[in-house]
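Starting from the known structure of chain A, fit chain B onto it as the hints suggest.
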Amino acid sequence: MSILYLLIPISLAIVAIIAAIFLWAVRTGQFEDMEGPAHRILMDDDDPPQKP
Amino acid sequence: MPESAAGQPCYHCGEAIPEGSDYPIRSGEATQSACCRGCQAVAQTIIDSGNADYYRLRTDLPKTPEAALDALKALALYDLPEVQEGFVKNDGAIKDASLILEGIVCAACVWLNERHLRQLPGVVSADINFSTRRARVRWDNTRIKLSQILESIRDIGYHAYPFDTGRQEELFRKERNAAIRRLAIAGLGMMQVMMYALPTYIAGDDGSMPRDIEALMRFASLLLTLPVVFYSAWPFFQGAWRDLRLYRAGMDVPVALGIGAAFAASVYGSFTGSQDVYYDSVVMFVFFLLTGRFLEMNARKRSAEAAETLVKLIPAAAVRLPDYPAARTEEAIGAVRLSPGDFVLVATGATFPSDARVVEGHSSVDESLLTGESRPIPKHPGSEVIGGSHNLGSPLICRVERTGQDTVVSSIVRLLDRALAEKPQLAQTADRIASHFVLALLVVAAGIATYWAVVDPTRAFWITVSVLVVSCPCALGLATPVSLTAALGRLTRIGLLSTRGHALEVLAQATDFVFDKTGTLTDGLFRLREVRILRGDKDQALQLAAALEQGATHPIAAALREAALEGRDSDALPHVQHLAYHPGLGVEGEIDGQRYRLGAPEFAAPGETFSLPEGLTLIALADAQGVLAWFSLGDGLRPHCAELVAQLKGLGVRLHLYSGDRPENVAALARQLGIADARGGMHPQDKLKAVRDLQAAGAVVAMTGDGVNDAPVLAQAQVSIAVDQGAEAAQAAADMILLSSELLRLADGVRIARKTRRIIRQNLAWSVLYNALALPAAAMGLVTPWMAGIGMSASSLLVVLNALRLANHPTHQHPTPQPPTPAQMQPRHESA
Numbered sequence: 009m010s011i012l013y014l015l016i017p018i019s020l021a022i023v024a025i026i027a028a029i030f031l032w033a034v035r036t037g038q039f040e041d042m043e044g045p046a047h048r049i050l051m052d053d054d055d056p057p058q059k060p
Numbered sequence: 003m004p005e006s007a008a009g010q011p012c013y014h015c016g017e018a019i020p021e022g023s024d025y026p027i028r029s030g031e032a033t034q035s036a037c038c039r040g041c042q043a044v045a046q047t048i049i050d051s052g053n054a055d056y057y058r059l060r061t062d063l064p065k066t067p068e069a070a071l072d073a074l075k076a077l078a079l080y081d082l083p084e085v086q087e088g089f090v091k092n093d094g095a096i097k098d099a100s101l102i103l104e105g106i107v108c109a110a111c112v113w114l115n116e117r118h119l120r121q122l123p124g125v126v127s128a129d130i131n132f133s134t135r136r137a138r139v140r141w142d143n144t145r146i147k148l149s150q151i152l153e154s155i156r157d158i159g160y161h162a163y164p165f166d167t168g169r170q171e172e173l174f175r176k177e178r179n180a181a182i183r184r185l186a187i188a189g190l191g192m193m194q195v196m197m198y199a200l201p202t203y204i205a206g207d208d209g210s211m212p213r214d215i216e217a218l219m220r221f222a223s224l225l226l227t228l229p230v231v232f233y234s235a236w237p238f239f240q241g242a243w244r245d246l247r248l249y250r251a252g253m254d255v256p257v258a259l260g261i262g263a264a265f266a267a268s269v270y271g272s273f274t275g276s277q278d279v280y281y282d283s284v285v286m287f288v289f290f291l292l293t294g295r296f297l298e299m300n301a302r303k304r305s306a307e308a309a310e311t312l313v314k315l316i317p318a319a320a321v322r323l324p325d326y327p328a329a330r331t332e333e334a335i336g337a338v339r340l341s342p343g344d345f346v347l348v349a350t351g352a353t354f355p356s357d358a359r360v361v362e363g364h365s366s367v368d369e370s371l372l373t374g375e376s377r378p379i380p381k382h383p384g385s386e387v388i389g390g391s392h393n394l395g396s397p398l399i400c401r402v403e404r405t406g407q408d409t410v411v412s413s414i415v416r417l418l419d420r421a422l423a424e425k426p427q428l429a430q431t432a433d434r435i436a437s438h439f440v441l442a443l444l445v446v447a448a449g450i451a452t453y454w455a456v457v458d459p460t461r462a463f464w465i466t467v468s469v470l471v472v473s474c475p476c477a478l479g480l481a482t483p484v485s486l487t488a489a490l491g492r493l494t495r496i497g498l499l500s501t502r503g504h505a506l507e508v509l510a511q512a513t514d515f516v517f518d519k520t521g522t523l524t525d526g527l528f529r530l531r532e533v534r535i536l537r538g539d540k541d542q543a544l545q546l547a548a549a550l551e552q553g554a555t556h557p558i559a560a561a562l563r564e565a566a567l568e569g570r571d572s573d574a575l576p577h578v579q580h581l582a583y584h585p586g587l588g589v590e591g592e593i594d595g596q597r598y599r600l601g602a603p604e605f606a607a608p609g610e611t612f613s614l615p616e617g618l619t620l621i622a623l624a625d626a627q628g629v630l631a632w633f634s635l636g637d638g639l640r641p642h643c644a645e646l647v648a649q650l651k652g653l654g655v656r657l658h659l660y661s662g663d664r665p666e667n668v669a670a671l672a673r674q675l676g677i678a679d680a681r682g683g684m685h686p687q688d689k690l691k692a693v694r695d696l697q698a699a700g701a702v703v704a705m706t707g708d709g710v711n712d713a714p715v716l717a718q719a720q721v722s723i724a725v726d727q728g729a730e731a732a733q734a735a736a737d738m739i740l741l742s743s744e745l746l747r748l749a750d751g752v753r754i755a756r757k758t759r760r761i762i763r764q765n766l767a768w769s770v771l772y773n774a775l776a777l778p779a780a781a782m783g784l785v786t787p788w789m790a791g792i793g794m795s796a797s798s799l800l801v802v803l804n805a806l807r808l809a810n811h812p813t814h815q816h817p818t819p820q821p822p823t824p825a826q827m828q829p830r831h832e833s834a
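First to last, the sequence lines map onto chains A and B.
Taken in order, the first sequence gives residues 9 to 60; the numbers are from the working numbering.
Taken in order, the second sequence gives residues 3 to 834; the numbers are from the working numbering.
Just so you know, the hints here were simulated from the structure itself, not pulled from any lab data.
Predicted model only: the values in this text are computed from it and were never measured.
Mixed in with the good hints there might be a few duds.
[Stated by the list, open to error] Dumping the calculated SDA-like pairs for lysine to any residue here, alpha-carbon to alpha-carbon at most 25 Å:
hint : chain 1 : residue 1 : chain 2 : residue 2
1    : B       : K91       : A       : W32
2    : B       : K176      : A       : I29
3    : B       : K303      : A       : I25
4    : B       : K176      : A       : F30
5    : B       : K176      : A       : L12
6    : B       : K303      : A       : L31
7    : B       : K176      : A       : A33
8    : B       : K303      : A       : E43
9    : B       : K176      : A       : Y13
10   : B       : K91       : A       : D41
11   : B       : K303      : A       : Q38
12   : B       : K91       : A       : I25
13   : B       : K176      : A       : F39
14   : B       : K176      : A       : I25
15   : B       : K540      : A       : E43
16   : B       : K176      : A       : S19
17   : B       : K91       : A       : R35
18   : B       : K91       : A       : E40
19   : B       : K303      : A       : P45
20   : B       : K176      : A       : E40
21   : B       : K303      : A       : L14
22   : B       : K97       : A       : D41
23   : B       : K91       : A       : A33
Isolated chain A, as found in the complex (with noise of 0.2 Å):
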């Protein structure tokens, strides 16, 4: 049982990595488009170069 005293201070480290990368998504805008990345992914190939 003593193993809980790791895996519980594990579990609330990966909740508050999850907590944050998903404010930073939110914070970065990634929840303003719902459907364009589902086509994007389809589509983006390697970008042009850009012109001179």
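Leaving out everything else, chain B in the frame of chain A:
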């Protein structure tokens, strides 16, 4: 190069390639064919910039682009600092603007636009939101101009207009992001706290769980619950505090009390190790409540959007002609600086910067922003045009009539705002009951706490928390306003605008509909009413008549042509030779060697007569042997009139037709439509008296009429609907305005109004039933706090979801006109 490309689909837009056209597109080794110069140029640009994949990836065909529009001048306006002021953010040399993109039909368009923009030298970033069809572009102003960016979007066949994102939009974005963050924190907290709570539930009280492990889990739960209570649930505490300061008992009060008490007790229990903890109940309760609020917020946003779309379509810049009519020097000016009396030039494909009157030029205009239907409306000198509508035909010179807050679009937005702000009786009652309910609940909870403190002090606390949490006044406080908002938004989208808060409620109760005739049921336009054939067949007679009237512009000619062609191309008509016009009488011409006359009976068929109903005009078609056909023309019924009457009757509404027109005309119309109570020759005061009589007999009258002429009668009726079209609409003193030209929307309106009332009643009934069962159960100690949390949240979600059904209520018979999407606003190309 393929020689016979005619008839094949165009490589770019998919339209059939017309005979004799030759517009090749080079694509690597191969050559493709386009249908016109516009498509050729666009496709070549796309392929040359290395984006030929677009043609492989797209799932929808684009509209045909216009060939070589003279729009560069208009685009250059957007480079002026005073024009940019409204919508461009400066960050040193880097500028940042939001663009409305028109013509986006599928994901490949987004891909193409983004890649194309990012290739431009000087563009720092370009991001397109697929859901809203908006682009955000950042560019280095020393290397590229905004007009060049807009032009390069035009090169690949799309249209972009900058728009002012506005404070409201920004505010909503922040609010929505905050709501998502709160929801996410609560959701994560809920999942993990459940993980810690489950072993405790499984172990129960049999001692298989060591005390120290249980304490560890409790403190881990406490740590996770802290952000849920102090961040996610914070709005509930704020709301409760606001209510209490105003000596009101709102919905947030018992919610905040429940969360606060359960959390405080759990913290106490964790430190003393003596009591049960309720962390799982607290986080779950918060999560479900936030879910309900989030759905409600999105519904509100959708309702408001219908109106907001209108304002955004007003362009930022205009071309003024300061010396008109003496000279035609053009001058670029910010649209906000226009004032009434200025003359402006509106190019083909451009948007009218303000309400104006045409002084020069003929064109057609897309007013779908107002009516929800993208039918081009012809405009001539003297016609009024509405700011925000699109010029589809040729350039127009207009005199500005109204600007800024006075424009039709602004008034419509104001009227809708007023309707949303005015709380109808139903919502006021709901608010009052909710407030009493909460007060009563707090008293009952105190009573229950006292009772259990005496009977069984160990259970007193969690029973009180359960009572606070389980009760749900949300059907009253939340679902009624959501239902009304969703219904108003839906009505606006189908083109029936409510201007007063009570309109929806009264429309649902209306027992009698009173119609005016001219301009309401009839459209005041000439139309072919009846054809009587003496020789030959009807189609042939119509073809001949239309061919003879081909070049004429008077209303009779237009009505005949319209009836004969039914939207087909005029090339199908037979060829006429030796055409001769006899002003005031008719027209004469030769078709396939036969001589025909079309016109007034005394001209085309002297000596022959034909009896016709009152109020119609008779036209004869004759050849050398005599009359072939009689056409009677008159003021036509608006489309779907009969269907509207049938549908309203089906809804159990009594119909009346009160008109100032000649009694025999009114009677004929009423017979045709099946309206029993029809009276003609009425003055406004007669109508007023008739409506009063109906009301004295207990009827709830909905008056449908012309907003200006019928104003007193409209005011007398319990709910009035103006069916004016165009510019006067917003000035009408009616409770509702039919902006759509589709009369059936009235029946849809009644249906939506009744459904709203039904849904509000369902929600109230559910709320009463739920509380009648849950409150006593909680008071008796049968409901633990976590059950109470689930019960209350599920009940809230149920009423909100029930209310949201209104937002998607289907319209009857005809495809629902969507709010003007940019794609619809795209002018259709006439193949040159």
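Against the structure, the hints come out as follows:
no., hint, result
1, B:K91 - A:W32, "holds (24 Å)"
2, B:K176 - A:I29, "holds (18 Å)"
3, B:K303 - A:I25, "violated (32 Å)"
4, B:K176 - A:F30, "holds (16 Å)"
5, B:K176 - A:L12, "violated (40 Å)"
6, B:K303 - A:L31, "holds (23 Å)"
7, B:K176 - A:A33, "holds (14 Å)"
8, B:K303 - A:E43, "holds (18 Å)"
9, B:K176 - A:Y13, "violated (40 Å)"
10, B:K91 - A:D41, "holds (22 Å)"
11, B:K303 - A:Q38, "holds (19 Å)"
12, B:K91 - A:I25, "violated (34 Å)"
13, B:K176 - A:F39, "holds (12 Å)"
14, B:K176 - A:I25, "holds (23 Å)"
15, B:K540 - A:E43, "violated (52 Å)"
16, B:K176 - A:S19, "violated (31 Å)"
17, B:K91 - A:R35, "holds (20 Å)"
18, B:K91 - A:E40, "holds (20 Å)"
19, B:K303 - A:P45, "holds (23 Å)"
20, B:K176 - A:E40, "holds (11 Å)"
21, B:K303 - A:L14, "violated (46 Å)"
22, B:K97 - A:D41, "holds (23 Å)"
23, B:K91 - A:A33, "holds (24 Å)"
Going through the hint list in order, the structure does not satisfy hints 3, 5, 9, 12, 15, 16 and 21.
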